[in-house]
Each structure stands twice: as structure tokens, then as C-alpha cells.
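Trainee: My request is simple: use the sequences and hints to build the entire structure.
Single-letter residue listing:
Protein chains: 2
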Amino acid sequence: MKVGILGLGTVGGGVVNVLRKNADSIKRRTGVKVKVVLAGVRDVSQDRICDTSDITLTEDPYEVVNHKDVDVVLELIGGTEVTKDLVETAIKNGKHVITANKALLAEHGNELIQLANQNKVRLLFEASVAGGIPIIKSLEQGLSANKIESLAGIVNGTGNFILTEMKEKDRDFADVLKEAQMLGYAEADPTYDVEGIDAAHKLSILAAIAFGTELQFDKVYTKGISEITTEDIKYATELGYVIKHLGIAKRVGNSIEMRVHPTLIDKDQIIANVNGVMNAVLVKGDALGTSLYYGAGAGDEATASAVIADLIDIINNQTSNHILGWKSQEKTKVIDNNLINSEFYLRLLVSDVSGVLAKLTQIFHDQKVSIEAFIQKKVDVDNNAHIAIITNKINTKNVMNIKAKIEASDFNQDSVQILHVETLD
Amino acid sequence: MKVGILGLGTVGGGVVNVLRKNADSIKRRTGVKVKVVLAGVRDVSQDRICDTSDITLTEDPYEVVNHKDVDVVLELIGGTEVTKDLVETAIKNGKHVITANKALLAEHGNELIQLANQNKVRLLFEASVAGGIPIIKSLEQGLSANKIESLAGIVNGTGNFILTEMKEKDRDFADVLKEAQMLGYAEADPTYDVEGIDAAHKLSILAAIAFGTELQFDKVYTKGISEITTEDIKYATELGYVIKHLGIAKRVGNSIEMRVHPTLIDKDQIIANVNGVMNAVLVKGDALGTSLYYGAGAGDEATASAVIADLIDIINNQTSNHILGWKSQEKTKVIDNNLINSEFYLRLLVSDVSGVLAKLTQIFHDQKVSIEAFIQKKVDVDNNAHIAIITNKINTKNVMNIKAKIEASDFNQDSVQILHVETLD
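Protein sequence lines, in the order shown, are assigned to chains A and B.
Read left to right, the first sequence gives residues -14 to 410 (the numbering used here).
Read left to right, the second sequence gives residues -14 to 410 (the numbering used here).
It should be emphasised that the hints constitute simulated quantities derived from the structure, not laboratory data.
Please read these numbers as outputs of a predicted model, since none were measured by experiment.
Glycine included, each C-beta is placed from N, C-alpha and C at the ideal position.
Do not rely on the hints blindly, as some may be mistaken.
[Said to hold, decoys possible] What the simulated footprint calls covered on chain A by chain B, stretch by stretch (three residues with Cβ under 8 Å from a Cβ of chain B suffice, anywhere in the stretch; the number is not a length):
no.	segment
1	10 to 21
2	112 to 124
[Stated by the list, open to error] Sample of chain A residues facing chain B (criterion: CB under 7 Å; computed from the structure):
no.	residue
3	Gly127
4	Asn258
5	Ala272
6	Ser276
7	Gly280
8	Ala281
Mentor: Shown next as C-alpha cells:
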């Protein structure tokens, strides 16, 4: 089995290292010897984390996808600009493709899957979501008897690291972000991680696999964690919750919900205890009920673990009639965010003058929204009161109306923070 | 694809129900229609949880394993007495076999696997460990690139329910066991669950899959939870630990450790937060690092989820060259329990007279054992002091020597409780 690799950075280097380290056990599992014959790199003279003495390096990636001796191409470059055409070329040349590239799949996955089906090759992407956690294989194989009802994942390690540090050490967002950048967890431009785009890429892939639908990344409601304050985290703790940045997908009748946002979840939920850079995905199936898959969402060898598992799958099942559930699926309607029902958390700053609570609760009453929990915490130096509220399960439009009314009131002193509260039963 | 079922109780009935409920999605995944044609039951006139109108029932189980139309036999009777010969007969008749029977596998798995290989049929058993959690598929497929270094599992829901209730509600073992029996979680004879035999069956299966070794159930060191007291749980909490009944398997050089015992683990470990009847398995692989698989360890449809996932696997991969890592493996040496290194927790009751602490610490000093944590809690009505101690990592023989010396001393007032303390890093 001859492998060509596109990209020999962290992940590509990790793949070469793990293939070498565990060559014996991989041979025992597959019956064949896996050999990396060719790797496309940006600069052949660069230092690498892996030994490349028996691998031909080329600066022309097309040499890899066109090479007659390559059976499987591993696309480990990332980004969508050059990779789309490379993957298409590899598929058209009859090569199986394994990719860790969530952006490529989220944006062009539907066409690529179709092309792979037409060319009777496999396109696998376990490493694209939650790093080394075998969540895609679990959804497709381990949970294959289930109709998946919902899933909720912590799929961005950077965001989870930031929220964990904010909670455990009472630090603010900007401070922890700077540390995350220094540690190499976050990019110089952290937008993809902290604004939820990376998580939305991954959620769209998970939802497609779980529900057997087409990828619809453009329909994911996406909100990041950059506006979470230490106050929010303290109020959440006091109310018995933990704030996690979750990607949530649910089947609702014949439609689905897909949303990425900071979420208050019960502190006793197992996923509330997933901390630091770790990832986890909670899945609810109609037969199994709730299950959870936890592990490293990034790192050279953790990601390599998923890439090589796909490689072993291809070798062992070349002649199988393994069918992806979504191949023949229609585009399923994604529910508009304004129509989603949820409990909500609101944090307000109001003038501490008499009659404010009556006016405030009247606003909720007018929208027919119940207040399930209420904390009025302290009066600050400007004589303002800090308030945190949990509502009953209501429509998103309702809560946005309440926010608008409060912000237009004479007692309001700051923009109203709104966060989802989710019961993951 | 024609299926014959042995046993139509909780699990068998669940399988029929899930196959019916999700017939469409299973057909989409497999391309074939799965039909249960024949079921062997003890009493054909008995009421069942599933509709049997289109299934032929027989009271002769051999009719199922000998029937020419049956392609796959699901063995869901349990126990080893009648099932061993039934499974052997099915395999010799060229039928694939799926079983949820951990006792059968733990005790006769090596011969049965060999027989299946000789007859070129598959013997699958995802449901035998941790119910619906796809832990065997994850070890074989999702983690196939890894050399597994260790695993630790909460694989008996009854035991975990008892320990959770003892901790959360300050109830004693006998009291919770009675409730577990009333709720149907524990059998009238609870020995298999509370003394760890069920967990040892499952651990021996997990270790064989993880390390690619033969099954060696008889070599598992097994200790139950019946001697855990509410004092132990309180001391553990105070020291920052949770007590869980774990099955632990580790690779140590060319040998392995296999042991089932109550274990103190750090309260912040994710597996420490697995409560009630839920199961979880923590796996450490050399590439992925630590990952965890969590879900329902029992229940009709949860177990059916695993049985049917195996069935879908057989249908989709009939022609694959899927190889179980352990097929060609030698018997690996299992390390004697006396030679295992661990931190330990000791709980003592001693007379509260002067000089006792000096004598006690001298016993530890003589065995070259350090005391890492020490609590002397209170003096009771009989003027005895309660003491809890955590040692450094030492040999099991050392701690047994300490126990013997303390119990032989003039100041000792009760047998010394000894529990393992495990760092699951």
C-alpha cells in the first residue's frame, strides 16, 4: 500500500512518525506493509519533526496526486485554496483520499463526496473533527443501529482552554487568549477559533454524518466566546452551570437545528467536566441513549491516530460495500435561528432605583416569559445593580425582544448579555 | 440477510424492536433487508416486549443454529452451560455469530475465536462489554493506529450505582444494594456484580482486544465493593478522590496487568464524574493519548444498539480482510498481583493512647514506605482514633506486610482497609 502525503508539517510529520513507530502492529492489522513513498512540501530543505530519509520530497504537490505508484493520498495541508483542486485531481486519478481538512469538507464536501462516489474511491476524514477521537467512525459504525436525535460537542480546544482558564483562575478573556497564542494553541489571528467558525465547520460535518444529510455549513448559526466575561462565568457557577462553547445539532421533525454558541450546561453533566484543550462529543441515539466520546482534539500524533485509522480502514475494507448514510440524502431544512426554542441566560446592569424590578419583570411578563432563576448581586460604585436571569424555554425571537426592550429602557446601563442554556438529557 | 435469535428476553426483545423501528435507516446503510426469521425461546407462550407475529418461535435452540436459512445467529441467552455448544454448532454450520455473553467469551473465547477462524465466519461481541458503548469497535478501528498502553473502565453499572448512591446520599452498602435489587439493577444473588466477577469477565475481553493477547480471565485479580464503607467514601472525598470500581489493564514491558478493584481516583478525572448506572472506559494509546467512551452499560435497546451494529458490520464487510489483532497472538504473561506497584489508601482504627503514632509510622518506615497524606479524624466513644493514609507508589507485598504488622500490633482495634489509588494520566 503506497501512500502519498500532501504537507509534512505537524500532522504530516506525526503521521510519518506513528506509521514508523507502530509499523509492526499496523502490518498485523492489515496484512500489508504501508509505505510513504512521496510527500509534497512547500520547501524541501526545511527541518521536520519526522525522518524523511526514505521518502521522496517534492515541491510540486501535483506530482503526488498524479503519481502512478500512489494508492492513497493524505491531504494534510489545510485551507481550501490549493487543496480543493489537489483532492479533486487525486480522486479523478482513482486514488483514495484521507483528509484532516474541516474547512475543505465544510465548504466543498458535497461535491467532493459525489466525485469520490463517481470514481469509486473512498474519501475519509476522521481527523477533520475532534482530532484523534473516533467520533465519525462511532457515528457510522458503533452507533449504526441508531437514529441520531441530537449531538453536542466541544470541538475547539482553543476555546475550551480559554473558558476553562477563565473559570478556574478567574482570568479575563483577553488575558487567556494572549497566553493561548503564546502556547501555540491559538493563531495570531484567533478569529476562526474564538468566533466559532472552526467549530461550525466541524459541526456541519458531524451533523451530516449523524443525520445522513448534505453538508450545510452556511446554515450554521455561529456565535463565539469573545464576549463572555468573568461575571458571566461567576453567575453561571452560582446558578449551578458551566459555560462551554458547544456545537449543537438536533433533529426536530423533518428539519434540523445547527448552532455553535457559548452555552450554560448543568455542572453535573459529564461534558461540563471536559476541561482545557480536550474535546468531547455527546451523542443521543434513539436506541443507545446518551453516549460521549472524549479525547485530544489536536496535536501531531493524536491527529495522526485518526488519519492512520482511516488508512487502515481503507486497506481492510477495499472490497466492502460500506455505504455512507448521507450519499443519497436530500438537502434537509435547517431551522432558522429565530425559531429555535431554548432556555436563556440574561445578564443586565441597571440603575438601582426604586421601581426598576417591577418594570423589568413586566417586560418579561409582556413577552409571556417566566423567570426560572434570578440573582441580583451587588450595587457597584456607580449605584448600578448587576442582575442575572434564567428564563424558561422560549423562542429566540422572544428573548431578542426582551433584550431590545430592556436596552431601550431608562433604567438600563449596559448592553444585555444573552446566552443559551441547554439541558443535555 | 436472515437472522436467527437465541433468547427473546430483554436484549433479544430490544434487538427485534430496534430492527423494526430503524428498518429504513438500516436498509440504507447496508443495502439489504434484515429479517429475523427464527427465535429460540424457553417458552413460546410467554409474553414478550416485542412483536413476534412474523417470527417463527421454537423451544428447540438447535433448530435455530442448524436452520439452513439462517445466515447470522444472535446468542442472547447468557450463561455458559447451553450457549457454548449452541455457538460452536452455529459456527460449524458456517453461520456468523454475534453474542452479548461476556461469561461465555471470558471462559471459552479463545476456542470459539479459533473455531470461527477455521470456519471462516465472524464472531462479534460488541455488546459483551459496556453495553451499547462502541468500545470494542473503537479499540479495533478508531484506535487501530495506536499501541494501547493502558485502559481503565467502569464496566459494571450496578456497582457504579451503589458507589454513587453511597457517596451522594451517605447511605451504606447493604442499604443501597437492597434498593438496586428492587430496581432490577442487581440480581437476587448479587455476587457477580458486587464481587467484581462480571467486571473481570469484561476486563479480560477488553485487555485481549486492546493488547492483541489471548483471553486470560483466570488471571484477573478481582476484588469487589462489598467491603467499602461510608467512612472510606468520606475520607476519599476529603483527600480529593472518588472511589470507583475499576477494571484496569496495563502493558508493562512484555507483560500485562489485569485487575478489578475499588480504586481511589482524582476527583477531577473525567471518569470520576461517571455516575449512577452509566459505564465508561478510559483508554491510553501511544499516539492519541487519553480518550474516553461513555454511555449506557445495560438496558434492552442500548444493548441492542451494539448487537445490531455488529450485524451491520457483518453485512457491510462480508468480503473484507478485517483481521482481529489477537488472532495470532501468544499467551502474554500476566503480572502477579503481589508484584504490582500502586499507591495505596489505608484506613485504620487504633487506640488513642500516647506513642501510637510513633509506632504506626515506624511500621511504614521499616517497609521504606512514605506517607503522602494522613488524616486522623476523631476519637470515638471507645476512645479509638480513626486514621486514613495514602502511601507513595509501592509494591503490593509491601502494603500487605504493613497491614499484617498493624493488625498484629497492640494498638490496632479493627482490620485494616486497603484500597488502590490510581493516577490515570
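Trainee: Now tell me, hint by hint, if it's right for this structure.
Mentor: The hints, checked one at a time:
no. : hint       : in the structure
1   : 10 to 21   : holds (count 6)
2   : 112 to 124 : holds (count 5)
3   : Gly127     : 2 Å, holds
4   : Asn258     : 5 Å, holds
5   : Ala272     : 4 Å, holds
6   : Ser276     : 3 Å, holds
7   : Gly280     : 3 Å, holds
8   : Ala281     : 5 Å, holds
Of the numbered hints listed earlier, not one is contradicted by the structure.
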